[in-house]
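As you go down the protein sequences, you meet chains A and B in turn. Using my numbering, the first residue of the first sequence is number 60, and each one after it goes up by one. Using my numbering, the first residue of the second sequence is number 562, and each one after it goes up by one.
Keep in mind that the hints were calculated from the coordinates and are not lab data. Only a predicted model underlies this, so the values are computations on that prediction, with no experimental measurement involved. Among the clues, some could well be false.
Restricting the straight-line Cα-Cα distance to at most 25 Å, the calculated cross-link-like pairs of lysine to aspartate or glutamate (DMTMM-like) are [stated by the list, open to error]: (1) A:K358 to B:E727; (2) A:K103 to A:E245; (3) A:K122 to A:D294; (4) B:K752 to A:D326; (5) A:K354 to B:E730; (6) B:K616 to B:D832; (7) A:K359 to B:D660; (8) A:K359 to B:D832; (9) A:K359 to B:E754; (10) A:K358 to B:E730; (11) B:K752 to B:E816; (12) A:K358 to B:E709; (13) B:K717 to B:D667; (14) A:K359 to B:E816; (15) A:K358 to A:E174; (16) B:K717 to A:E66; (17) A:K358 to B:E754; (18) B:K729 to B:E709; (19) A:K359 to B:D691; (20) B:K717 to B:E754; (21) B:K729 to A:E245; (22) A:K358 to B:D726; (23) B:K729 to B:E754; (24) A:K354 to B:E727; (25) A:K359 to B:D722; (26) B:K752 to B:D722; (27) B:K616 to B:E605.
Which residues of chain B face chain A? A partial, calculated answer using Cβ under 7 Å [to be verified]: (28) F645; (29) I666; (30) S683; (31) F685; (32) R698; (33) L780.
Glycine is no exception: its CB is placed at the ideal position from the N, C-alpha and C atoms.
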Amino acid sequence: MPSNLSERAIKAKRQDKTATVIISVIVGFIILLLAAIIIYILAKGIGKAVDPSFLTSNPQQFKEGGGIGPELFNSFYLLVITLIISFPLSLGAAIFLAEYAPANAVTSGIKTAIEVLSSLPSIVVGLFAFLLFVIQMGWGFSIASGALALTVFNIPLLVRTIQQALESVPAHQRDAGLAMGLTRWETTIHIILPTAMPAIVTGLILSAGRVFGEAAALIYSAGQSAPALDFTNFDLSSASCPWNIWRPAETLAVHIWKINSEGVVPDLEAVSDGTAAVLIICVLAFNLLARFLGKRLGKKLTAE
Amino acid sequence: MQGQAVQCPPAQAESSEPHLETQEYMENAGAFTLKDVSVSYSGETAVAGVSADLKAKEVTALIGPSGCGKSTILRCLNRMNDMFPGVEVGGNILLDGVDIVSGGIDPITLRMRVGMVFQQPSVFPLSIYDNIAYGPRLLGGKSQDLDELVEDCLRKAAIWDEVKDELKESALGLSGGQQQRLCIARALATKPEVLLMDEPCSALDPLSTERIEDTILELRGEMTFVIVTHNMQQAHRVSDTTLFMLRETMERPAELVEYGPTDQIFNDPKDQRTADYLAGAFG
Ligand SMILES: Nc1ncnc2c1ncn2[C@@H]1O[C@H](COP(=O)(O)OP(=O)(O)OP(=O)(O)O)[C@@H](O)[C@H]1O
Ligand SMILES: [Mg+2]
C-alpha cells in the first residue's frame with residue numbers, strides 16, 4: 060500500500076511538473092511577443108513622443124518637422140464626447156437587460172442584436188456612419204459623425220460589461236433591498252449599482268482605450284484632416300475652435316494610417332513612429348488607470 | 562444581598578424601556594392567519610393546504626426536511642415570491658385580518674411591516690450607520706432622530722458595543738456573524754411588526770448563533786418572529802410554536818403535517834411522521 064501510494068504520488072508530481080513547464084513556456088512566449096511589439100514601437104518612437112514641440116505643433120503637409128498637436132487633442136475630445144453619449148445609453152440598456160427585462164422573445168432579440176453589433180467590423184460601422192451621418196444627415200466629416208460612429212462601435216461592448224457587472228452582484232443583495240420595502244428602482248440605484256461600480260468603471264476605462272485606438276470607424280466619419288486649432292477661439296461655428304463638434308477631426312490612429320498611405324512629408328516614418336508611440340502610451344495609461352481605479356473603488360467598498 | 566442585586570436590575574430596566582407603551586398600543590399587531598395556502602411554481606404545485614395561526618409577538622419556527630417548502634411559505638408572508646415569474650399563491654394569508662394575497666396591501670408597505678433576514682448576511686455596500694439609516698431615511702426620518710434610532714437598533718441586535726466606534730466604516734469589513742446581526746438591526750430600523758428569518762444562523766459560528774438567539778428571545782413580545790431553521794435545538798430553544806412541514810414524494814406537493822406549542826411538538830408529537838423526523842434529526 061505505501062509503496063503503491065508513493066508511486067502514484069511520484070507520477071502525479073511528474074505530471075504536475077510537465078504541465079507547469081508547458082504552460083509556463085506558452086505564457087512566456089506570449090508575454091515575450093507582446094513585450095517585443097510594445098518595446099519595438101516605443102523604442103522607435105519615444106524620441107519624438109517625449110518632444111513637447113512634436114506633441115503641440117501642427118502637422119506639415121510637405122515639409123518635415125510636423126507635429127501632432129491637433130490629433131492628440133482630437134483623440135481625447137472625441138473620446139470624451141463618445142463616452143458622454145455611449146455611457147448613459149449603455150448603462151440604461153444594461154440596467155434594463157440585467158434587472159427588468161422579462162425572459163421573452165423581445166429580450167433575446169435585443170441581446171442577439173447587441174452581440175451582432177459587437178462583432179461588426181469597424182470599417183462597416185464607419186461606412187454606415189458615412190452614409191447616415193455624413194451624407195444623409197448632412198453633417199459632413201465631423202466630430203459629431205465620428206462620435207456617433209464610435210458610439211455604435213462602443214455600445215455593445217459597454218452594455219455587455221456593465222450587464223455582467225450588474226449580474227455578478229449577489230442575488231441576496233437584491234432580495235435584501237426588496238425585503239426592506241425598497242422598490243426595484245431604488246434597489247437598483249442604491250444597492251446594485253454601487254456594488255457593481257468598480258467593475259463598471261474598469262469596463263468603461265478599458266472601452267475608452269479601445270475607442271481611443273480606433274481608426275477604421277473614423278476614417279469616413281470624423282474625417283482625415285486636422286485643421287489647426289486656436290484655443291482662444293470660442294466661436295463654436297468656426298473650424299479652428301477646438302470645441303466645435305461640426306469640424307473635421309483626424310485622430311492619432313487615423314493620422315498613422317493617413318501618413319503611411321498617402322503622406323508625402325520627408326520625415327513621415329519618424330512622424331508615424333512617434334504618433335504610434337504616443338498612442339500606445341495613452342492606451343497603456345488607460346489600462347493602468349482602469350486597474351488602479353477598480354482596485355481603489357473595490358477597497359473603498361469592502362473596508363477602510 | 563446578592564439575590565437582590567441579581568433580581569433588581571432587570572426589573573428596573575424593563576420598566577424604563579420606552580417601547581413598552583407602544584407595545585401595549587399594538588398589542589395584537591403582527592398576527593398571521595394562513596388559510597389553505599398553496600404555492601405553485603410555473604404551474605407545478607410545491608406546497609398545498611397550509612392552514613395555521615402565527616400568533617402576534619411570539620416566535621414561530623418552521624421545520625422540516627430540505628425542499629418541503631419552508632422558504633416558500635416564508636416568502637409568501639412578505640410577498641417576496643412576487644419577484645419570481647410564474648409563482649402563484651392560492652388561499653388566504655391574513656395579516657391582522659387583511660388579506661395580503663388578494664392584494665389588500667401593496668408589497669412595498671407590506672415589506673416595511675414585515676421585515677426579513679436571509680441566510681446570507683446581505684449588508685449593503687455602505688457604512689454601518691447608513692445600512693441602518695437607509696430605510697428610515699427613505700421614510701423621511703429626521704437626522705437627529707436617526708442617530709438615536711441607529712443606536713437603538715444596534716443595541717437590540719447586540720452589536721452596538723462592537724461597532725459603536727466605527728459607525729462610519731464600511732459594513733463589508735465586519736465578520737459574517739457581525740454582518741448578520743447588522744442585518745437584523747437594519748430590519749428593526751423600519752420598526753416592523755414581524756421579522757421573518759430564513760435560516761439566519763446556518764452560516765454562523767456557535768457564538769454568533771447564540772447571540773442571535775438571545776436577540777430573538779429579547780425582542781419576543783415586541784414583535785412577531787417567524788424563523789426557518791434546520792437546527793432542531795434552535796427551534797426548541799427559541800420558538801413558542803412549531804410548524805412541521807413535509808413533502809413525502811415529489812409527485813405530491815408539500816404539506817403542513819402538524820403544528821402546535823413547541824414543547825408539545827418536540828415531546829409529544831401527534832403525528833408519527835413528526836416523531837420520526839425529530840428522532841432522525843436528533844439521533
Ligand atoms: N424559484 C423557484 N422556482 C421553481 N421552483 C422552486 C423555486 N423555489 C422553490 N421551488 C420548489 O419549491 C419546493 C420548496 O422549496 P423551498 O425552497 O421552499 O424548500 P425549503 O424547505 O426552504 O428547503 P431548504 O431547507 O433546502 O431551504 C422545492 O421542491 C423547490 O424545487
Ligand atoms: Mg429554504
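Practice prompt. Hints the structure violates: just list their numbers, smallest first.
Written response: Those not satisfied are hints 2, 3, 4, 7, 8, 9, 11, 12, 13, 14, 15, 16, 17, 23, 27, 28, 29, 32 and 33.
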